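Take the two lone chains, each set in its own frame, and fit them into one complex as the hints suggest.
Protein sequences, first through last, are from chains W and S.
For our numbering, count along the first sequence from 1 and bump the result up by 85.
For our numbering, count along the second sequence from 1 and bump the result up by 1.
I should point out that these hints are in silico values taken from the structure, not numbers from a laboratory.
A few of these clues could be false.
[Stated by the list, open to error] The calculated lysine-lysine pairs, modelled on DSS-like cross-linking and capped at a C-alpha distance of 25 Å, are:
#1 Lys-412(S) with Lys-401(W)
#2 Lys-614(W) with Lys-695(W)
#3 Lys-402(W) with Lys-406(S)
#4 Lys-695(W) with Lys-672(W)
#5 Lys-402(W) with Lys-412(S)
#6 Lys-401(W) with Lys-406(S)
#7 Lys-107(S) with Lys-210(S)
#8 Lys-586(W) with Lys-614(W)
#9 Lys-577(W) with Lys-673(W)
#10 Lys-406(S) with Lys-393(W)
#11 Lys-412(S) with Lys-385(W)
#12 Lys-213(S) with Lys-189(S)
#13 Lys-542(W) with Lys-531(W)
#14 Lys-577(W) with Lys-693(W)
Treat the numbers as computed from the prediction; the structure is a model and nothing was measured.
Here are the chains, one letter per residue:
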Amino acid sequence: MATTLNAAPSSAAAYQVSTLPTQMLGHAVTMPDQVVMREKDFGVWREFTAAEVWDLVLDAAHGLLALGIEVGDRVSIQSENRPEWMILDFATVAVRCITVGFYPTNPAAEVEYLLTDCGSVVHLAEDQEQVDRVLGIDQAAISNVRKVLYCEPRGVRGYDDERLMGWDEFLAMGRDHRAAETGAVEALMSEARWDDGMTLVYTSGTTGPPKGAMLTHRNVAYSMSLFRHPAIRKGFMPSSEDEILCYLPLCHVAERIFSTFHVAEMGLTVNFAESIDTVQANLREVQPTLFFAVPRIWEKLHAGVMIKANDSSPFKKAWLAVGMRLAAIVGREKVANGGLHTTKSRILTAIGRPLVFRALLERIGLRRCIWAGTGAAPIAPEILEFFTGIGVPVYELYGMTENSAIATVNVPGRMKLGTVGEPFGGLELPDSHFRIDDETGEIQVKHPGVFAGYWNKPEQTVETLTEDGWLKTGDVGEWVDGTHVRIVDRIKHIIITSGGKNISPSEIENSLKTSPYVKEAMVIGDRRKFLTALVGIELDTVGDWALRQGIPYTTYRDLGEKSEVLELIQGVVNETNKKFASVETIKKFRMIPKELDHEDGELTATQKIKRNSMEDMFSELIEEMY
Amino acid sequence: MRGRPNLYTSYESESQLMPTLTKKVALGLFLLVLVLMPFDLPVIDQIPFIRFLGDNVWLRLVNRTLTFAIAALGLNILMGLAGQISIGHTFFGGVGAYTAVLVGGKSSANLWGWGLPMWIWLPAAGVVAALVGVAVAPAAVRVRGLYLGIVTLGLVFIGLHLSRVFPEIAGPGGLGRKWPRLELRLWKEESPLVNFSRDGHWFWFDINKNQKTYLLLLAIVILMAWAAANLARSRTGRALQAIRDRDIAAEIMGVPEYRYKTTAFAISSFYAGIGGALFASFSGQIPPEQWSLIGAVNFVAALLIGGMGRVSGVLMGSFFVITSHRFVEEIVDWMKHQAEEGGLFSGIFDFFISTGQGDGGFVSVSETALGYPLPVSALDDIIFGLLIIFFLLFEPLGLYGIWVKVRNYWKGWPFSY
Numbered sequence: 086m087a088t089t090l091n092a093a094p095s096s097a098a099a100y101q102v103s104t105l106p107t108q109m110l111g112h113a114v115t116m117p118d119q120v121v122m123r124e125k126d127f128g129v130w131r132e133f134t135a136a137e138v139w140d141l142v143l144d145a146a147h148g149l150l151a152l153g154i155e156v157g158d159r160v161s162i163q164s165e166n167r168p169e170w171m172i173l174d175f176a177t178v179a180v181r182c183i184t185v186g187f188y189p190t191n192p193a194a195e196v197e198y199l200l201t202d203c204g205s206v207v208h209l210a211e212d213q214e215q216v217d218r219v220l221g222i223d224q225a226a227i228s229n230v231r232k233v234l235y236c237e238p239r240g241v242r243g244y245d246d247e248r249l250m251g252w253d254e255f256l257a258m259g260r261d262h263r264a265a266e267t268g269a270v271e272a273l274m275s276e277a278r279w280d281d282g283m284t285l286v287y288t289s290g291t292t293g294p295p296k297g298a299m300l301t302h303r304n305v306a307y308s309m310s311l312f313r314h315p316a317i318r319k320g321f322m323p324s325s326e327d328e329i330l331c332y333l334p335l336c337h338v339a340e341r342i343f344s345t346f347h348v349a350e351m352g353l354t355v356n357f358a359e360s361i362d363t364v365q366a367n368l369r370e371v372q373p374t375l376f377f378a379v380p381r382i383w384e385k386l387h388a389g390v391m392i393k394a395n396d397s398s399p400f401k402k403a404w405l406a407v408g409m410r411l412a413a414i415v416g417r418e419k420v421a422n423g424g425l426h427t428t429k430s431r432i433l434t435a436i437g438r439p440l441v442f443r444a445l446l447e448r449i450g451l452r453r454c455i456w457a458g459t460g461a462a463p464i465a466p467e468i469l470e471f472f473t474g475i476g477v478p479v480y481e482l483y484g485m486t487e488n489s490a491i492a493t494v495n496v497p498g499r500m501k502l503g504t505v506g507e508p509f510g511g512l513e514l515p516d517s518h519f520r521i522d523d524e525t526g527e528i529q530v531k532h533p534g535v536f537a538g539y540w541n542k543p544e545q546t547v548e549t550l551t552e553d554g555w556l557k558t559g560d561v562g563e564w565v566d567g568t569h570v571r572i573v574d575r576i577k578h579i580i581i582t583s584g585g586k587n588i589s590p591s592e593i594e595n596s597l598k599t600s601p602y603v604k605e606a607m608v609i610g611d612r613r614k615f616l617t618a619l620v621g622i623e624l625d626t627v628g629d630w631a632l633r634q635g636i637p638y639t640t641y642r643d644l645g646e647k648s649e650v651l652e653l654i655q656g657v658v659n660e661t662n663k664k665f666a667s668v669e670t671i672k673k674f675r676m677i678p679k680e681l682d683h684e685d686g687e688l689t690a691t692q693k694i695k696r697n698s699m700e701d702m703f704s705e706l707i708e709e710m711y
Numbered sequence: 002m003r004g005r006p007n008l009y010t011s012y013e014s015e016s017q018l019m020p021t022l023t024k025k026v027a028l029g030l031f032l033l034v035l036v037l038m039p040f041d042l043p044v045i046d047q048i049p050f051i052r053f054l055g056d057n058v059w060l061r062l063v064n065r066t067l068t069f070a071i072a073a074l075g076l077n078i079l080m081g082l083a084g085q086i087s088i089g090h091t092f093f094g095g096v097g098a099y100t101a102v103l104v105g106g107k108s109s110a111n112l113w114g115w116g117l118p119m120w121i122w123l124p125a126a127g128v129v130a131a132l133v134g135v136a137v138a139p140a141a142v143r144v145r146g147l148y149l150g151i152v153t154l155g156l157v158f159i160g161l162h163l164s165r166v167f168p169e170i171a172g173p174g175g176l177g178r179k180w181p182r183l184e185l186r187l188w189k190e191e192s193p194l195v196n197f198s199r200d201g202h203w204f205w206f207d208i209n210k211n212q213k214t215y216l217l218l219l220a221i222v223i224l225m226a227w228a229a230a231n232l233a234r235s236r237t238g239r240a241l242q243a244i245r246d247r248d249i250a251a252e253i254m255g256v257p258e259y260r261y262k263t264t265a266f267a268i269s270s271f272y273a274g275i276g277g278a279l280f281a282s283f284s285g286q287i288p289p290e291q292w293s294l295i296g297a298v299n300f301v302a303a304l305l306i307g308g309m310g311r312v313s314g315v316l317m318g319s320f321f322v323i324t325s326h327r328f329v330e331e332i333v334d335w336m337k338h339q340a341e342e343g344g345l346f347s348g349i350f351d352f353f354i355s356t357g358q359g360d361g362g363f364v365s366v367s368e369t370a371l372g373y374p375l376p377v378s379a380l381d382d383i384i385f386g387l388l389i390i391f392f393l394l395f396e397p398l399g400l401y402g403i404w405v406k407v408r409n410y411w412k413g414w415p416f417s418y
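Isolated chain S, as found in the complex (with noise of 0.2 Å):
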């Protein structure tokens, strides 16, 4: 109620996600910034982050974290609401991505294709993943825990060695086949009605194909954004907290545990499937060994780094997931340079970086260096794993969980409680 933020006078008003016009201005503000993010813009590129994230070669690295990011909103679903650990969400993914090429792909003399238009092939990848969701829950939800995760390890390798046995629908292995682009088609004409894969023009300004991309992909996965953090607090998002919580006790209350179960699995597949397909389209071209392991494990580390069971946290941990190896050799890269040019630290930098033979330092500079001293890809995957130890052992609630402290502390003064 006005003035009295505490008294809710109606279920609808206490589970409203934007509660009060401060948080509703500071969405549309942050929305606002990000439409406008890969434009060359006076005000806007003056934030930190922002002002390098719009460049064209940063720009490919967030349309990436944004296809990860629909399909990590799938697998909170699944862990973060209904508490099923899966580590098999790249199964998922593959099932979208070649429903999609299937549907949309060109044929040719060994490869299957029927060359539909993008609103078709999409929402396709979509429902058949979600379809092959159902059609697994049936084996999972007898199982709990390491089971579970025993389980859905075991569909990745499914889904690999089916790759083999469909190379009309997969490609030759190890080179995979072009997918559809993003195009937006009414049915097969040549001319595309929207292009988002070509440099072009749109009203009065020069758009590149990157920035189209990056609007197309921000838009849906607001929109599913907007979907997932709606379906936390329906009827089914408080069935699948409760099954989370203590199926038993959920069961006991009368939420019907297979049914919801098999429920956040048909979500959480229909998210990865959406993300896969967009994932691979927006690649071009990929073999099926990426949807590998690695991946899967990605997923789970972006919801534990992120913040599990929230929509901003999983948003938050794709984004560092993604785009934390580039960082990494960002940060080394500068190192370098003021390692070479001498000045106030470079004695401090030289002691890290390691420039060839005889140099001394940790961390080389050379990409194809093995061993000791480090290659660069190698400390990113070692800081990638020690963030993954530290957040679980520090902040098993991740970033949200630590913004969450932040705003607690402010929400008790003057007490901590």
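Looking at chain W on its own, in the form it has when it is part of the complex (with noise of 0.2 Å):
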């Protein structure tokens, strides 16, 4: 293997345009005994290090020339996070394709869509329930497909079907190909210019069908300049030291920036978890120092220690409830601090730390975790506070696919709760403009991170610019104090009463959310009268509270129409009620009789509401209340 490293230039630097293939070469040469990518198998985590992940990447990228791809062509993955994800994604750009990442729980007719949406040429499914998905559309509708990769044969060994190749057949061609072609990969990563699309990141689509958004070399470059600046870590750069769980779907800009963009950028390693069901196990393993969540992971960590806090022995849930008396006094020092400590809340921290935090942090798996993240979704302040207050300081930040996930941040010591953070701008980093339109409100942009359009969509991607070039984000957003910016809502999601009245239907959503009984809801009243809402419960803490309330219930049916279950839920409408205008109650509410689910088309598959499709779906239920 060796003698093909030496074949190629030998380092990133060699190449014109620093691409991640170009970065995860550098690692090779540079540390190539560095272990980049952690898999859990068989209950062992299997490590590659630097070297054995580029000749893989190798591999697949003449893989992929093997199957006669040409510069420009798009590579699909549908496949949940695993090493094969990422290194087909290097793999692809190293020969400049277009990868494009489908969510593992995209249903067959929205995989057709996507499929001819992008036209892809060659498509990663990962087992036998996503092969099917694409065996079974018709093959004439995506004709642009020749193969089907797969990494699971388990099932799929008796399918007959020419399209079909497993994965280690395709590397087994990729070395084939290499050996008679030999820097052939190289010559076109070498090729790769600033402005070529690599990836195309499918917006979840809430409203309309997802649009495909392309970043290029130089969004993603951008990108990570900025999450790598000292302004923005104070103290502390990431490093090829951390160590990070990938978790979120790679598909999402996210965790596609956290994961695939930081191992490129820094080598450092990155732990597959085995399923988003086991995030809490794998984290306890893992103990990541890079940690990034969307709230709803957040919530489910505290409610976590929550559950577990009150199922514990007499003694030691005093002795908790001493931590959390102190975890919450350090929160609130070190919110009103900008995130930093105080002398006392230093004390209380030296204090809580040997009695519970670090006992508490080890079970949640964040006690070497030296930098947090969230966003995607808002989150409620309490639980960045609680977080904050056990020692791990919780950083908002807010951006989209269309942006590069660049407009604004949070930072050390200049943190500010309920606001998403800072423009980069403002943190006196470079090219990044931000205002908020003085009309609408709306939020735009403008800096190198601007993605290069919709794919195929040139009317939409026009839309979605300004003449000069900003970036309308669709999300309205208001100033705090003047450097920070609070999002208020998407513009489309904006409720006009009958009475007139501009409502905000996020933000009364998310004060019911705070709750740990309510995991959806959805506020109706655009052209009507007065506020209601759809309420769905969480069926863990519900179930949970039900068992201690001796409440017998059979299916989630059954405990959301519980009268006790319709008490508590009235409790936190009440709740939240107080904290708005007397427009902005919600006056009635019925509880949603299913878990929303992405199959059936009420969520996105980011788990948002699909509000068009749940008015429909449940318009009995809405218009009961009118």
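If you want it as structure tokens, here you go:
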């Protein structure tokens, strides 16, 4: 293998354009034994060194060439997070093609839409389930798909379809090609240009069909340069020593940046969680140093602590109660101080850490965490305060696919709860321009991270950009203290009641969702006299509550319809109503009779409510309230 | 992985016996204390228990515990790992002991014996017992649970019968014969290389025979405990545990049940044979009736009290079973003294102890008394039985289970699970 590496230009610097694959090549040369990936396989974490990964990337890239792929072709991936995902991603970019990630939960109809929309040539389907989705589609409709690769042969072996090819077979083909045409991939890598598209990230599509936002090498490099900028890190820089747990869908821009781009940038270790359901167990094992989570995960971690605390023995419970009090005080102190310690909080932490915090963090899996972030959805300030209190300051940030996740960020020492932080430009970072439109209140940004456009949708691209090149985010924001930004809502979601009042439903929904008992909430009231809400309970916590109250129940629906549970939720609604003006209060609510699901079309792949389809689906419930 | 104790990157690291430095150091210190225990040393003698266990009288009891523990480790492999009930474990101990005496014992007019040295008779005891185990296995692996218990029970009686059929090996009934001593010889030369059964002088120290025997037995126990602990995490060990948890499921998963059960019998009998041979040799002379049902029940009791399936549990259980009688005697004796001296608690102790006719109390100090008040020997049988009931009801994982509970309490901190 050493000979292959020598045949290639010996360092990443030899390439004009620094792309993800050139960076991975750089790690393979400078620190070949660095572990860059870990995957849990039959109960133990299998390690991949930088040299091994690069070897696999080269095999895969040659495999793509052997399949006759051409520059600019799309390679799509529908899989849970696993090394093959990243390896194929790097390989695709290496041969100047474009990676397209699908959500593992995308149902067959959506897969068909996505495959035809992006015109994918090679598709990686993880296992039998994903292969079935592709094979179930009429072959003529997706005639652009030449090969369907699969990672898990179980159940697929007996399939007879000339498009199918196993991952190992694919790599073997790549090795043959590599032996025959050594250097072909490196040649393509050196031809890469800054404005080459490298990936399509499909937006979740709460309103219309998903759109593929194209990011270029320039976008990615700019985004990473900011995430590595000392101004937002204050005192520590992520390095190859760091550990990351990769568990959010890799097709989403957040996890892509956090895992794929970070490993390429600094060669740290990416640990692939077994699945989204095992995150808590995997966290405890990996104890990552950098951790990014969506609010749902933070809420789950928080709820887990609360439930377990309730189940503790009396002595431990009392002990924990003391610790929680300390954490609350420390949290308040630190939050008031922009996320940094004060003398008081330092002293209290010195007491609380040996007593409770350290053990608690070890159990959660964040004992070694030095930077934690949240984004992609609003989060309750109480939860941030809790984690800050026990010693993991969680920084909220805001961005979207179309701007390579670069818009605003909270930084240590200047963190402000309830805001998504400051624009990067305000932190004196280069080229980052940010404004809030006076008229509509819409947030607009302009910087080299702004995407190249929607794939095959020129009109929508034009709609998204202003004439002078600002990206219209579609989010309404407002300034807090002149420096920080608070997100109000999506422009499209703003409700105008029949009384003519503008109301942001998200604020009310988020307030409802701060209760551990509420999982989903949707506020209704557009062109109506008053506001109502559909509420979905959190089965775990309400189930636990019902158990303690001695209320028997059978199903989700049965539990939601218990009069005691209705009272419980009424209490939550009343709490929320107190915080808002009377026109913004929820007069009536109904329980959602089922757990919402992507497959049934109520949620997007990122678990956001699709308002239109919800209104159709539960129209009877809604009309009942008016 | 360093700093991340739950992140295992290989099966080796996951199944390590001593995963952390703390554990290694703790075990090292514990072994050091055990080695130094019988000697009069300043610091060691301040440790509770160690203070008196090293004394000569107690040391003999400790030596018995060690021989018992070797055989118990074997039963643990059969019962704790493979889940096969056996109340015939003394039979294999007997097989080992009589192999030892046949191979290593002196021959006379009506006794057989080849007079070979210890390095032959000790392994031979284990190997022959293991072979007998293999021979018995076909009958035993066909039955489960209670029925297996009865089959193994039968072995004890077959053993007793055989000892009467072959007095040339077993010696006359009720008397037995002399076993070869614990002496290390190259061959049949007159003076042994190392003599474990005579007082002597090692290096710069005087050392008596009990101390010598203790060191020899301790070394063998450590070796065999280490082997047993490693067996549990080997392929064989995993197969045995699969059979224990559900034999049908194990077989469907490709674990050859018959072969592994036979293996379990063989290994278990090997341990029993070694333990039996050492016990007999250390005792000097024992009658065939020694290898009785009561002995077999004691082994099961050791596993129940100590904690089945764990090497440390077996060692704790063995210590408990062998020494508990002695502890009860000591306590009764101490109470008697207290009552006689008259002190703060004499009234309380007097209530328990009966010193003779007319005195109240339910424990008699007389060794020969029968019926009520209870003689001490009856008292400790009763306590022993009560303890087994207690452990079965309240602590099925035994002493080891108590330790696990304590450990989990701190491991779960600050939660309960």
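Tell me, in ascending order, the numbers of any earlier hints that this structure violates.
none
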